[in-house]
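Q: In our numbering, the protein residues as written are 394 to 605.
It is possible that part of the hints are untrue.
[What the hints assert, rightly or not] With a straight-line cut-off of 30 Å between C-alpha atoms, the simulated DSBU-like cross-links for lysine-lysine are:
{"#": "1", "residue 1": "K523", "residue 2": "K490"}
{"#": "2", "residue 1": "K523", "residue 2": "K400"}
{"#": "3", "residue 1": "K462", "residue 2": "K558"}
{"#": "4", "residue 1": "K558", "residue 2": "K537"}
{"#": "5", "residue 1": "K533", "residue 2": "K570"}
{"#": "6", "residue 1": "K571", "residue 2": "K558"}
{"#": "7", "residue 1": "K553", "residue 2": "K570"}
{"#": "8", "residue 1": "K456", "residue 2": "K443"}
{"#": "9", "residue 1": "K571", "residue 2": "K505"}
{"#": "10", "residue 1": "K553", "residue 2": "K571"}
{"#": "11", "residue 1": "K454", "residue 2": "K505"}
{"#": "12", "residue 1": "K490", "residue 2": "K505"}
{"#": "13", "residue 1": "K533", "residue 2": "K559"}
{"#": "14", "residue 1": "K452", "residue 2": "K505"}
{"#": "15", "residue 1": "K462", "residue 2": "K523"}
{"#": "16", "residue 1": "K523", "residue 2": "K578"}
{"#": "17", "residue 1": "K493", "residue 2": "K456"}
{"#": "18", "residue 1": "K533", "residue 2": "K558"}
{"#": "19", "residue 1": "K492", "residue 2": "K463"}
{"#": "20", "residue 1": "K505", "residue 2": "K436"}
It is worth saying that the hints were derived from the structure and are not from the lab.
Note that the structure is a prediction, hence the values are computed from the model and not measured.
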Amino acid sequence: MLPKINKKIRESILTFYYTNPSSNCYVRELSRRLDLDVSNLAKEMRSFVKEGIFNVEEKGKQKHYFLNKKSPIYEDLKNLVLKTEALGDILEGELAKSKKIRLAFIYGSFAKDEEHTESDIDLLVIGDIKTEELHKIIMKAESKLTREIHYIIYTSNEIKERIKKKDQFILNILHDKKIFLIGNKDDELFKLTQKKKNKKRKIFKKSNSKKN
394 MLPKINKKIR ESILTFYYTN PSSNCYVREL SRRLDLDVSN LAKEMRSFVK
444 EGIFNVEEKG KQKHYFLNKK SPIYEDLKNL VLKTEALGDI LEGELAKSKK
494 IRLAFIYGSF AKDEEHTESD IDLLVIGDIK TEELHKIIMK AESKLTREIH
544 YIIYTSNEIK ERIKKKDQFI LNILHDKKIF LIGNKDDELF KLTQKKKNKK
594 RKIFKKSNSK KN
């Protein structure tokens, strides 16, 4: 089992890289970004390279580290980090501090595993939380994730009204892949979006002509 300090460093490194998958950093740059000790950071990066999780490229006197996307555990590790460390512990942890949020989930490119370096984290929040309060929470999460979060907020009544009016933007979000942070798919509001679409019936016309 890893010592606590090593575990924390590893979690910080993986969270940064998997929320910024195209990053290519040298140790001192990474140390400044993550506020971690240079020597301990360098040691863990060397270990990651040996494990095949990272690749390293020498540019002059500097070694630049980037994710090995061909690693057999790349996808599994990515999903684990995003859903536990990045989105779970950090974003969910910040949102959970408010008791005014009924539902909150990630949608868009992150939920569909289609994110790239420039991708925002798309977040939909349903509840009675004020915009100013949510904005403060989001800013804290952004500073920890080093990733911009684009959020939309609705009250329960507003989301019900939009579903009732068949607002296509909202319906597309609700029917697409998502990662729940607060609440779950058993919530009444979520169930409202899960009505099966009416299947088109085929109409067969009977011919009135008689065969001779």
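Q: For each hint, tell me whether it holds in the structure or not.
A: Hints, one by one, checked against the model:
no.: 1; hint: K523 <-> K490; result: holds (14 Å)
no.: 2; hint: K523 <-> K400; result: violated (36 Å)
no.: 3; hint: K462 <-> K558; result: violated (43 Å)
no.: 4; hint: K558 <-> K537; result: violated (38 Å)
no.: 5; hint: K533 <-> K570; result: holds (25 Å)
no.: 6; hint: K571 <-> K558; result: holds (22 Å)
no.: 7; hint: K553 <-> K570; result: holds (20 Å)
no.: 8; hint: K456 <-> K443; result: holds (15 Å)
no.: 9; hint: K571 <-> K505; result: holds (8 Å)
no.: 10; hint: K553 <-> K571; result: holds (19 Å)
no.: 11; hint: K454 <-> K505; result: violated (38 Å)
no.: 12; hint: K490 <-> K505; result: holds (26 Å)
no.: 13; hint: K533 <-> K559; result: violated (34 Å)
no.: 14; hint: K452 <-> K505; result: violated (34 Å)
no.: 15; hint: K462 <-> K523; result: violated (40 Å)
no.: 16; hint: K523 <-> K578; result: holds (24 Å)
no.: 17; hint: K493 <-> K456; result: violated (46 Å)
no.: 18; hint: K533 <-> K558; result: violated (35 Å)
no.: 19; hint: K492 <-> K463; result: violated (42 Å)
no.: 20; hint: K505 <-> K436; result: violated (33 Å)
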